[in-house]
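Those protein sequences? They're chains U and B, same order as listed. Per the working numbering, the first sequence runs over residues 1 to 476. Per the working numbering, the second sequence runs over residues 1 to 193.
Simulated from the structure, these hints should not be mistaken for laboratory data. Keep in mind that the hints are not guaranteed to be accurate.
Below, a list of computed lysine to any residue pairs in the SDA-like style, where the Cα atoms sit at most 25 Å apart [unchecked claim]:
hint, chain 1, residue 1, chain 2, residue 2
1, U, K456, U, L288
2, U, K197, B, T64
3, B, K88, U, R150
4, B, K159, B, K182
5, U, K195, B, K182
6, U, K284, U, S46
7, U, K215, B, F6
8, U, K200, B, D174
If you anchor each label on the Cβ, the simulated ranges turn out as follows [stated by the list, open to error]:
hint, chain 1, residue 1, chain 2, residue 2, range
9, B, F85, U, L306, 34 to 44 Å
10, U, S7, B, G42, 14 to 24 Å
11, U, P152, B, V110, 20 to 30 Å
Here a beta-carbon is modelled for each residue, glycine too, at the ideal position from N, C-alpha and C.
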Amino acid sequence: MHLKYESVIREPLVDGNKSYHQVTEDICATIENKPTKLWTIGFLISASLLAFGMFSVTWEVYWGTGVWHLNKTIGWGWDITNFVWWVGIGHAGTLISAILLLFRQGWRTGVNRAAEAMTIFAVMCAGQFPIWHMGRVWDAFFVLPYGNTRGPLWPNFISPLLWDVFAISTYFTVSLLFWYSGLIPDFATLRDRAKTKFRKAAYGVVSFGWAGSAKHWQRHEMLSLVLAGLSTPLVLSVHTIVSFDFATSIVPGWHTTIFPPYFVAGAVFSGFAMVQTLLVITRKVLNLQEYITIGHIEAMNKVIVLTGSIVGVAYLTELFIAYFSGVLWEQEAFRLRVLGPYWWAYWAMMTCNVVSPQLFWFKKLRRNVWFTFFMSIIVNIGMWFERFVIIMALHRDYLPSSWSYYTPSWTEVGFYLGSFGLFFTCYFLFAKYFPVIAIAEIKFILKTSGENYKNKMTEYEEQTNEHFLEEQTHHH
Amino acid sequence: MSIKKFAVAVYDDEAVLFPAVKKVRGAGYKIHDVYTPFAVHGLDVALGEKESDLHIAGFIYGITGTCTALGFMGWIFTTDWPQNFGGKPHFPLPAFIPITFELTVLFAAVGMVLTFCYLNQIMPGVKKHIFHPRQTDDKFVLVIEVNENTAKETETFLKTTGAEETNIQVAEADWWFGRFDKREDYEIQEQLA
Numbered sequence: 001m002h003l004k005y006e007s008v009i010r011e012p013l014v015d016g017n018k019s020y021h022q023v024t025e026d027i028c029a030t031i032e033n034k035p036t037k038l039w040t041i042g043f044l045i046s047a048s049l050l051a052f053g054m055f056s057v058t059w060e061v062y063w064g065t066g067v068w069h070l071n072k073t074i075g076w077g078w079d080i081t082n083f084v085w086w087v088g089i090g091h092a093g094t095l096i097s098a099i100l101l102l103f104r105q106g107w108r109t110g111v112n113r114a115a116e117a118m119t120i121f122a123v124m125c126a127g128q129f130p131i132w133h134m135g136r137v138w139d140a141f142f143v144l145p146y147g148n149t150r151g152p153l154w155p156n157f158i159s160p161l162l163w164d165v166f167a168i169s170t171y172f173t174v175s176l177l178f179w180y181s182g183l184i185p186d187f188a189t190l191r192d193r194a195k196t197k198f199r200k201a202a203y204g205v206v207s208f209g210w211a212g213s214a215k216h217w218q219r220h221e222m223l224s225l226v227l228a229g230l231s232t233p234l235v236l237s238v239h240t241i242v243s244f245d246f247a248t249s250i251v252p253g254w255h256t257t258i259f260p261p262y263f264v265a266g267a268v269f270s271g272f273a274m275v276q277t278l279l280v281i282t283r284k285v286l287n288l289q290e291y292i293t294i295g296h297i298e299a300m301n302k303v304i305v306l307t308g309s310i311v312g313v314a315y316l317t318e319l320f321i322a323y324f325s326g327v328l329w330e331q332e333a334f335r336l337r338v339l340g341p342y343w344w345a346y347w348a349m350m351t352c353n354v355v356s357p358q359l360f361w362f363k364k365l366r367r368n369v370w371f372t373f374f375m376s377i378i379v380n381i382g383m384w385f386e387r388f389v390i391i392m393a394l395h396r397d398y399l400p401s402s403w404s405y406y407t408p409s410w411t412e413v414g415f416y417l418g419s420f421g422l423f424f425t426c427y428f429l430f431a432k433y434f435p436v437i438a439i440a441e442i443k444f445i446l447k448t449s450g451e452n453y454k455n456k457m458t459e460y461e462e463q464t465n466e467h468f469l470e471e472q473t474h475h476h
Numbered sequence: 001m002s003i004k005k006f007a008v009a010v011y012d013d014e015a016v017l018f019p020a021v022k023k024v025r026g027a028g029y030k031i032h033d034v035y036t037p038f039a040v041h042g043l044d045v046a047l048g049e050k051e052s053d054l055h056i057a058g059f060i061y062g063i064t065g066t067c068t069a070l071g072f073m074g075w076i077f078t079t080d081w082p083q084n085f086g087g088k089p090h091f092p093l094p095a096f097i098p099i100t101f102e103l104t105v106l107f108a109a110v111g112m113v114l115t116f117c118y119l120n121q122i123m124p125g126v127k128k129h130i131f132h133p134r135q136t137d138d139k140f141v142l143v144i145e146v147n148e149n150t151a152k153e154t155e156t157f158l159k160t161t162g163a164e165e166t167n168i169q170v171a172e173a174d175w176w177f178g179r180f181d182k183r184e185d186y187e188i189q190e191q192l193a
């Protein structure tokens, strides 16, 4: 006899009285119903932000990067701040789908689809910044190692900026493949339920003709497992390489070996915060509270308090090492961070990233939806300031005559707003036309972790160990 | 194209499916395929399927990526266009690691997904026969290939395995290019007959 058993002490991952069919009904409902007013309004706002962003970028390309308020010392400004911020956000999805898969964390199934989608959109947003920063963007393909008539002259393969090109594009591709391979069976579900001709044809194409054969599922499981194994070091490598952009330079405040682990922790921290922001709203609007439960939210808040604390320790270590190194320039760089012209950014970062997430040590607050939503915004503001603080470290270089104070121009702000437009436009389309929760994966854990199935586990709970073992070893 | 006749049994739970598979195989029937809405663990073993070798393919693709990256960068830096970057060596292995790693992962992932699609014969525009409209929802469908003589007897046998529904279908056993919103010729013929 086939039995899936999990202790009743563990919180159910799917609430309510669910059957396999009910799971399908619940998750497909949004896709099959007409878009709501709220969705239409949200979508239009996002699309107009995107349009404004496109205008700002067009302006920048037409007049050149001179329209940005970059100066002699601040060469990266808001642009690269936003790049690093978005890449960081794009870390939670693959962490949830890959690392938590390897660690067999059942709760990932409720949130992985949306988190992965968010990852892909965030990486898309991130990619915009370095590309448009090139100014002569029509020459952007110069970063690729292709045969050319200039020698051939190749890109510098030992430059961290080129590593970034490879890391971000690989990360985007692999995340997309991972996400899409999981979507294929769910698209097949939508296809077979479709009532209208167009929907049937469209989901027929995107489902690749999936029928659910046992052998295909076996390969699908293998594919997911190996992709998870590949993505796990990939997630860690991407932000490590982003941190190399800074760490391999010989700039006081940047040239530190702590950067890779501290960037990765920060990335997971901000990524989970963004997942919370989106899912707290998504579960409410799409009525998915039974699949994205308070338990899921609490689990993610635990990750936030852990990574937030790691980031906090990293900030303090940086300060200590600057003091302990005895290097004048290093000490001055950190004195300026804390007390210099950009002191407000440093303290905003400290408050949002280190102090406020500590409130998540209280179980009551971890399980409070509104508090979680509020905190998720705070964390993302904090993480934005972290990147801003690092990039602004250059405002005083070795030549006092070039010292300056940088503020962004409207095109830089517009570009940043535009990236929100891109992100949310994609997310709104995703939430309407894609299964927001991995249908097949929820069904897979339903009998172990569904509330109504867990309630039936008492008879096994009461068995003696010997009896239980005896019964289980003679499975099918 | 190979249009064949199939005896189909529909089960509503994997707990019913497992004993049924055992019984069907025990009685000497050859199972054409079993369709499930999600990955049912242990079903491949129950069906006597071999373990997938997809991971071996993945390893080979990965190694290809490693060699491509190291070989290409090494060739460029030492042979094709040697340059002096701040007096660093022409084959700086540690500095090659990031790109080598990324290409390893990229080759392995892309290669595996393409192999996965090839082995399963799936791609956009491919159509396969769906034996039960809810086999991707909550039904577990077991299919046995039959001929004129064995159809009746097989269906009767399937009824004894706990199936909630059994039937005989004429269907294309393979895939073909088609649209899911269109009915196929054989489906229409079947209805007329």
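The hints, checked one at a time:
A distance of roughly 24 Å separates the Cα atoms of K456 (chain U) and L288 (chain U); the hinted pair therefore holds under the 25 Å criterion. Restraint check for K197 (chain U) and T64 (chain B): the C-alpha separation of about 44 Å exceeds 25 Å, so the hint is violated. A hinted pair counts as satisfied when its Cα atoms are at most 25 Å apart, and K88 (chain B) with R150 (chain U) qualifies at roughly 23 Å. Using a Cα cut-off of 25 Å, the hinted pair K159 (chain B) and K182 (chain B) is violated, with the two alpha carbons roughly 31 Å apart.
For the hint linking K195 (chain U) to K182 (chain B), the alpha-carbon distance of about 13 Å falls within 25 Å, and the restraint holds. In summary, the hint linking K284 (chain U) to S46 (chain U) is supported, as the alpha carbons are separated by about 19 Å, within the 25 Å threshold. For the given pair, K215 (chain U) sits about 18 Å from F6 (chain B) by alpha-carbon distance, which is consistent with the 25 Å threshold. For the given pair, K200 (chain U) sits about 20 Å from D174 (chain B) by alpha-carbon distance, which is consistent with the 25 Å threshold.
Between F85 (chain B) and L306 (chain U) the Cβ separation comes to about 39 Å, which falls inside the hinted range of 34 to 44 Å. Checked against the given bound of 14 to 24 Å, the beta carbons of S7 (chain U) and G42 (chain B), roughly 21 Å apart, stay inside it. Checked against the given bound of 20 to 30 Å, the beta carbons of P152 (chain U) and V110 (chain B), roughly 25 Å apart, stay inside it.
Taken one by one, the earlier hints fail for this structure at numbers 2, 4, listed in ascending order.
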